[in-house]
Amino acid sequence: MAKKHVKRKSAFKEISNRSGYKFFLPWLIGFLAFTAFPFIYTIYLSFNQVTLTVFGWQATWTGIANYVTALLRNPNYTPALIQFILAEIVYVPVIVTVALILAILMNGDFKFRTLFRIIYFLPVIVISGTVMTQLMDSGNVQIGNVRRVFIFQILESYSPQLADVILFLFNNFAIVLWFSGIPIVLFLNGLQKINPQLHEAAQIDGATGWQILWKITLPIIKPIILVATIFTIVQLGMFPINPVYGMIQTAIFDTVGGLGVASAYAWIYSLAVLVLLGFAFFVLKDRSKDYTAVDIKRLQEENIEKMRKRVRRDQQFKAFMRKVDFKRGKN
Amino acid sequence: MEKTKRWASRLKRNLLGYNLSDGWLYKIAVYVLLIAIAYVFLYPLFRMISMTFMSTIDIINPEIDWIPINPTGLNLVVAWTVLSMPWTLLNSMWYSGVLALAQTFISALTGYAFARYEFKFKNFWFMMVLLSFVIPIPVVLIPRWMMFITAQNITGFKLIGTIFPQLMLAIAGQGIYSAILILIFYNFFKMIPIVLDEAAKIDGASNWQVFYHIILKMSLPTIVTVFLFAFVWNYNETYVTGTFVRTAMKLMPLQLGLFDSIFERMSAPIQGAPGGQFRLNESYKMAATLITMAPMMIMYLFVQKQFVEGIEKTGITGE
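Going down the list, the protein sequences come from chains A and B.
According to the working numbering, the stretch in the first sequence is residues 1 to 331, in order.
According to the working numbering, the stretch in the second sequence is residues 1 to 319, in order.
These are calculated hints, taken from the structure and not from any lab test.
Any given hint might turn out to be false.
In silico lysine-lysine, BS3-like type, Cα no more than 27 Å apart, as pairs [what the hints assert, rightly or not]:
hint, chain 1, residue 1, chain 2, residue 2
1, B, K217, A, K193
2, B, K201, A, K222
3, A, K22, B, K305
4, A, K285, B, K305
5, A, K111, B, K201
6, A, K111, B, K12
7, B, K217, A, K22
8, A, K215, B, K217
9, A, K285, B, K158
10, A, K193, B, K201
11, B, K120, A, K222
12, B, K27, A, K193
13, A, K22, B, K12
14, A, K215, B, K305
15, A, K285, B, K3
16, B, K190, A, K193
17, B, K313, A, K111
18, A, K22, B, K27
19, A, K111, B, K120
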């Protein structure tokens with residue numbers, strides 16, 4: 001008589017499941033109260049005029065008035081938002097690329113590795129909004145003058161806005177690079193996890209270092225590129241490179257426009273950031289499939305079937321031609 | 001002839017290597033690149049330090065690029081006074097220390113829950129942790145601010161201008177970069193073999209005992225790393241702090257942001273120092289920036305290993 005296997009959760013597992021919530025609960029409550037609820041409440045606020053009265057906060061429905069104020073009435077908001085988006089589009093690839101190159105160069109053992117790592121990570125420790133503002137204001141972050149470059153002058157005459165961003169990139173190149181501290185460490189961590197046998201196998205098969213980089217290293221750390229990109233997009237938003245944050249903060253304390261306008265600012269800004277993140281996600285999404293043994297067998301069978309079909313078609317065609325020739329010969 | 005040939009081939013082999021990547025040329029190129037980028041990284045700091053010691057004459061003098069002719073420490077003294085120094089630093093230290101402690105504790109709990117337990121909608125909540133990192137702060141900051149104002153009005157207990165709003169956020173796991181801290185713990189706890197937990201449980205340990213005696217005691221280096229990160233990030237945070245504290249408390253980076261206005265206000269009383277005139281110039285600002293950065297830089301010198309190796313080994317991303 002065959003033994004019947006009954007799938008049953010062990011009591012041990014069940015008990016530990018329940019107590020998982022104990023560890024998880026503080027965060028859950030905090031998340032619901034301080035992140036999930038505010039996130040949705042801000043949408044509501046952005047359609048209201050919000051004032052502080054003796055009875056607490058009073059919200060009066062005003063429809064899309066706040067959005068009209070943000071996008072059309074306020075002359076500063078839209079340009080600031082556009083400047084921020086352009087800055088993200090220009091800086092993020094630069095930061096991630098530099099971080100990736102540095103990580104690849106630093107992967108492996110060589111002299112002074114620790115020293116370089118300390119230097120590249122130092123900005124993470126010292127960077128703060130006000131420090132950055134002070135350094136940028138004093139002009140201490142400018143290395144060389146990009147205005148003298150001929151190509152830049154051509155670009156400036158075509159698109160002043162993009163030229164502004166690129167000018168800013170080169171004028172603040174050092175500070176922009178400062179954001180690559182964490183991405184470098186992320187990449188280093190990813191590179192160390194790659195199995196060295198893969199590289200050896202490729203080398204034995206005659207691959208050059210360049211080929212190994214493009215065919216093995218980069219595909220493996222592609223998910224980390226995505227993570228680093230998302231991290232950089234978020235991080236860039238938090239610093240004075242981003243003029244929108246300052247405007248929102250001013251709007252919070254502004255008694256005339258009030259929190260409604262601030263919410264509208266914040267929401268338009270968040271939508272922009274989410275679109276950027278979505279774009280990054282779409283571009284860097286992992287499209288390659290994981291092939292299992294079953295998959296490979298199936299693929300082989302498919303290929304064999306295809307080849308058989310081709311051979312069969314070939315034979316049929318030949319037979320057909322023979323027939324035609326035969327007829328022709330008869331005529 | 002034969003000798004020259006051999007010598008040439010050896011030279012070629014040394015320069016280019018068997019595989020390009022172990023030749024000298026490659027190594028030299030790598031070092032040049034690394035040093036060049038390191039220079040770019042450090043350039044603002046070098047400029048800042050150089051400017052800190054420049055007197056007014058040196059700043060105006062266009063011939064002086066790096067090394068001041070009349071070096072002076074006066075800028076530091078002035079900046080020290082304007083930042084109302086020892087107290088600002090002490091304030092900042094305990095402020096970020098308390099927040100960092102709270103954040104570390106709650107991140108450890110949450111990371112442990114995600115690493116060890118299966119509960120309903122776990123993947124969904126994990127996504128929410130990541131989402132809470134991605135959501136721009138201003139969106140959630142406005143209602144948070146309203147909540148704390150309301151709480152302040154109802155209870156009559158002063159909240160705005162104190163540490164309490166941020167402390168509550170930290171305890172609730174919604175402080176600055178909390179999601180990252182949770183992920184660091186999550187990745188580390190995943191690496192600890194679950195057999196240890198089970199062995200302790202069979203011996204009769206409760207969940208909390210397992211967490212405290214086994215997990216926490218084993219992950220002391222990670223706890224230090226996370227605490228240091230939380231500390232640095234809280235120290236350098238200006239946006240949320242600027243909203244909740246504003247000018248009620250003297251905190252380092254915030255004071256630096258107000259440096260210009262405080263300097264203007266204070267410049268009358270400091271007069272009488274050599275030179276007589278006290279106009280705001282770059283070297284005062286740079287001196288103040290240096291003072292603001294210095295505590296973190298000094299700390300970094302001593303604990304850089306914990307910082308970098310901590311996340312380089314554990315990783316934030318996970319698989």
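Verification of the hints:
1. Between K217(B) and K193(A) the CA atoms are separated by roughly 26 Å; this keeps the pair inside 27 Å, and the hint holds.
2. A hinted pair counts as satisfied when its Cα atoms are at most 27 Å apart, and K201(B) with K222(A) does not qualify at roughly 40 Å.
3. Of the supplied pair hints, the one linking K22(A) and K305(B) is violated, its CA atoms being roughly 33 Å apart against a limit of 27 Å.
4. Taking the CA atoms of K285(A) and K305(B), the gap is about 33 Å. The hint is violated against a cut of 27 Å.
5. Under the criterion of a C-alpha separation no larger than 27 Å, the hint pairing K111(A) with K201(B) is inconsistent with the structure, at around 47 Å.
6. For the hint pairing K111(A) with K12(B), the CA-to-CA distance comes to about 23 Å; that is within 27 Å, so the pair holds.
7. With a C-alpha separation of about 20 Å, the suggested pair K217(B) and K22(A) falls inside the 27 Å cut-off, and the hint holds.
8. Simply put, K215(A) and K217(B) have alpha-carbon atoms about 42 Å apart, too far for the 27 Å limit, and the pair is violated.
9. Of the pairs offered as hints, the one joining K285(A) and K158(B) is violated, with about 48 Å between alpha carbons and a cut-off of 27 Å exceeded.
10. About 32 Å separates the Cα atoms of K193(A) and K201(B), which puts this hinted pair outside 27 Å; it is violated.
11. Taking the CA atoms of K120(B) and K222(A), the gap is near 30 Å; set against the 27 Å cutoff, the hint is violated.
12. Between the alpha carbons of K27(B) and K193(A) the distance comes to roughly 23 Å, so the proposed pair stays at or under 27 Å and holds.
13. Distance check on the hinted pair: K22(A) and K12(B) sit about 66 Å apart at the alpha-carbon level, beyond 27 Å; violated.
14. Of the pairs offered as hints, the one joining K215(A) and K305(B) is violated, with about 33 Å between alpha carbons and a cut-off of 27 Å exceeded.
15. Between the alpha carbons of K285(A) and K3(B) the distance comes to roughly 57 Å, so the proposed pair goes past 27 Å and is violated.
16. Between K190(B) and K193(A), the direct Cα distance comes to roughly 15 Å. Compliance with the 27 Å bound is thereby established for this hinted pair.
17. A distance of roughly 20 Å separates the Cα atoms of K313(B) and K111(A); the hinted pair therefore holds under the 27 Å criterion.
18. Of the supplied pair hints, the one linking K22(A) and K27(B) is violated, its CA atoms being roughly 53 Å apart against a limit of 27 Å.
19. Distance check on the hinted pair: K111(A) and K120(B) sit about 50 Å apart at the alpha-carbon level, beyond 27 Å; violated.
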